[in-house]
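Student: Please arrange chain B on chain A, whose structure you already have, making use of the hints.
For reference, the chains in residue letters:
Number of protein chains: 2
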Amino acid sequence: MIETPYVLFLGDAPDQLAAKVAQGIKDWRPENAVAQFRLPGCGADLGLTDMSLADAKTAGAKTLVIGVANRGGLISQAWKDVLIEALEMGYDLASGLHNLLRDEGDLVAASQTHGGTLHDVRVPSVGYPIANGRKRTGKRVLAVGTDCSVGKMYTALALDSEMRDRGMKSTFRATGQTGILIIGHGVPLDAVIADFMAGSVEYLTPDNDPDHWDIIEGQGSLFHVSFSGVTMALIHGGQPDALILSHEPTRETMRGLSDYTLPSLEELRDTALPLARVANPDCQVVGISVNTQQMSETDAVTYLADVEKRMGLPAVDPFRHGAGRLVDALAAL
Amino acid sequence: MIETPYVLFLGDAPDQLAAKVAQGIKDWRPENAVAQFRLPGCGADLGLTDMSLADAKTAGAKTLVIGVANRGGLISQAWKDVLIEALEMGYDLASGLHNLLRDEGDLVAASQTHGGTLHDVRVPSVGYPIANGRKRTGKRVLAVGTDCSVGKMYTALALDSEMRDRGMKSTFRATGQTGILIIGHGVPLDAVIADFMAGSVEYLTPDNDPDHWDIIEGQGSLFHVSFSGVTMALIHGGQPDALILSHEPTRETMRGLSDYTLPSLEELRDTALPLARVANPDCQVVGISVNTQQMSETDAVTYLADVEKRMGLPAVDPFRHGAGRLVDALAAL
Chain A
1 MIETPYVLFL GDAPDQLAAK VAQGIKDWRP ENAVAQFRLP GCGADLGLTD
51 MSLADAKTAG AKTLVIGVAN RGGLISQAWK DVLIEALEMG YDLASGLHNL
101 LRDEGDLVAA SQTHGGTLHD VRVPSVGYPI ANGRKRTGKR VLAVGTDCSV
151 GKMYTALALD SEMRDRGMKS TFRATGQTGI LIIGHGVPLD AVIADFMAGS
201 VEYLTPDNDP DHWDIIEGQG SLFHVSFSGV TMALIHGGQP DALILSHEPT
251 RETMRGLSDY TLPSLEELRD TALPLARVAN PDCQVVGISV NTQQMSETDA
301 VTYLADVEKR MGLPAVDPFR HGAGRLVDAL AAL
Chain B
334 MIETPYVLFL GDAPDQLAAK VAQGIKDWRP ENAVAQFRLP GCGADLGLTD
384 MSLADAKTAG AKTLVIGVAN RGGLISQAWK DVLIEALEMG YDLASGLHNL
434 LRDEGDLVAA SQTHGGTLHD VRVPSVGYPI ANGRKRTGKR VLAVGTDCSV
484 GKMYTALALD SEMRDRGMKS TFRATGQTGI LIIGHGVPLD AVIADFMAGS
534 VEYLTPDNDP DHWDIIEGQG SLFHVSFSGV TMALIHGGQP DALILSHEPT
584 RETMRGLSDY TLPSLEELRD TALPLARVAN PDCQVVGISV NTQQMSETDA
634 VTYLADVEKR MGLPAVDPFR HGAGRLVDAL AAL
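Chains as they are written, first to last, in my numbering: chain A, 1 to 333; chain B, 334 to 666.
Looking at chain A on its own, in the form it has when it is part of the complex (with noise of 0.2 Å):
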């Protein structure tokens, strides 16, 4: 668990999408969001006050965020020199990064020295335990994708953010870097240790109440073959009791793996769909997230309509429509 609010590290970012973790918190949890921190030179910029460590911290920030990817594979000296500052002034840091802040013996000293924790989020902070698969109280909905970053944390944010807004109880549960920085907690799943996986997923989304909603981040794909196994623990840990399918029409062979093209999302549905009911027999298949960021909107329109119509489900891109039409089918389940 993240300490919130935050002060949101941007550095040297070359430019606006390097600071992409940053920008998530930003967009999702604006009140996590006191202020930005940035180094000369920085081509970033999300619109939020450039403050001073002492000012954010007066402002309430507890942690400082590093919400942006570093060069090289280093923890450069000049970030150096804030990190270790604001462990003075009594953050608490957190990271996404590859190289870990507790590998880095001057931060690990400045955090000793000062009190402030380190939060690695690449990496388990947990034991987690073997699933045990038994059924849970409380509704569960994770979105499958016909490949890897096809939008399927997106979806997940969009579908929390709206089902907030009607009142509804819901709980974005993060399986990712980027994810578990926006909301201060979750469960990194790609660095979990085989034999628990689907026992961390058990642990993330615990009995809740019946009408709550908890929307579990994807990852992977069943048809990406290097990160198969991941969405299979998500599926069968997850226990859901609704699927949403992800895809991105424009792309000609999956992520990283140009021997393989994509299956359509009707091979997505009828592999994903059986596998789910193994752990939850009433799991339904909801709603289609597409994402058409390469499409114009004529073109998307389009293409959202002859899928709905073809797999007689709701089709919308969550980014240019919002995901209302799929919240309401979540809700009619």
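Quick caveat, the hints were computed from the structure, so don't treat them as lab data.
Quick caveat, the model's predicted, so the values are computed rather than measured.
Among these hints, one or two may not hold up.
[Said to hold, decoys possible] Cβ pair distances, simulated, as ranges:
#1 A/Glu297 x B/Pro539: 43 to 51 Å
#2 B/Lys353 x A/Leu333: 46 to 54 Å
#3 A/Thr261 x B/Ala638: 36 to 44 Å
#4 B/Asp639 x A/Gln293: 51 to 59 Å
#5 B/Ala664 x A/Glu266: 33 to 41 Å
Backbone N, C-alpha and C define an ideal beta-carbon position, used for all residues, glycine too.
Tutor: Below, chain B alone, put in the same frame as chain A:
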């Protein structure tokens, strides 16, 4: 890579079952088993010569393998005395115990002083790559089960043995600690980090001669919600040319999951084959391996004949009747 041959340490095993790792080594790689070493009160006997560590060394043994489960999760002082003596004499040690040799200070000290290696086969010793999904040369077969612990390892070892007897090119590829100790190498798949599971299976089963068979040890089951992710990674990382369906007909619920019943062999076939074809479009289900140890010979023969007729595939219990007909089916591919 564990140096062979071995002296098999049976310790104070209360009965034969507690020494099943040692039994597996003796059954499947008798050339690796120079001798057994027993403590007073040992209730297990492999029928090997009891030797002192010195005599076993003279007879060629390179590694002392702990071929027995320990009681209470502690490595006792009685064991320690033998293990330290073995290190002093120049042996390596190998263990599949949950509590690791490397966590025992006195064993670490002795191994450093005398140069012996401590092999904890439950823990990966390699930084595995992320799977790339590229088609590899050579043939691969994988057993997939309706449940965990239905005889997949036995089936794989029996296939490998039969292929060797016929002069075919074959390698048993171990994915669990017992299999790794039997042959001296492999991947402890259940202990691999999620993102690298499929990659570790690719690493385990590299390019090979076109007529060479990798016999990949199966793990878990697509229908076992605790471990299905591991099975999925084997199917996609292994890119098998052939699947064998494994089943234990008398089991009423999934192992460790009393709320779950087993799927039919048809369900297993219809689930596993499309998933396997994602990685290898030519994959075929070639036969069925049934563990009939809970059935009389008559019942077993009747059951196997029924399954064979129903599924249109050779159905055998390789323990009772040998793996010959399964190898026939693989050779005919």
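Student: Indicate, hint by hint, whether the structure satisfies it.
Tutor: Here is how each hint holds up against the structure:
no.: 1; hint: A/Glu297 x B/Pro539: 43 to 51 Å; in the structure: holds (48 Å)
no.: 2; hint: B/Lys353 x A/Leu333: 46 to 54 Å; in the structure: holds (47 Å)
no.: 3; hint: A/Thr261 x B/Ala638: 36 to 44 Å; in the structure: holds (42 Å)
no.: 4; hint: B/Asp639 x A/Gln293: 51 to 59 Å; in the structure: holds (55 Å)
no.: 5; hint: B/Ala664 x A/Glu266: 33 to 41 Å; in the structure: holds (36 Å)
Against the hints set out earlier in the document, no violation occurs for any number.
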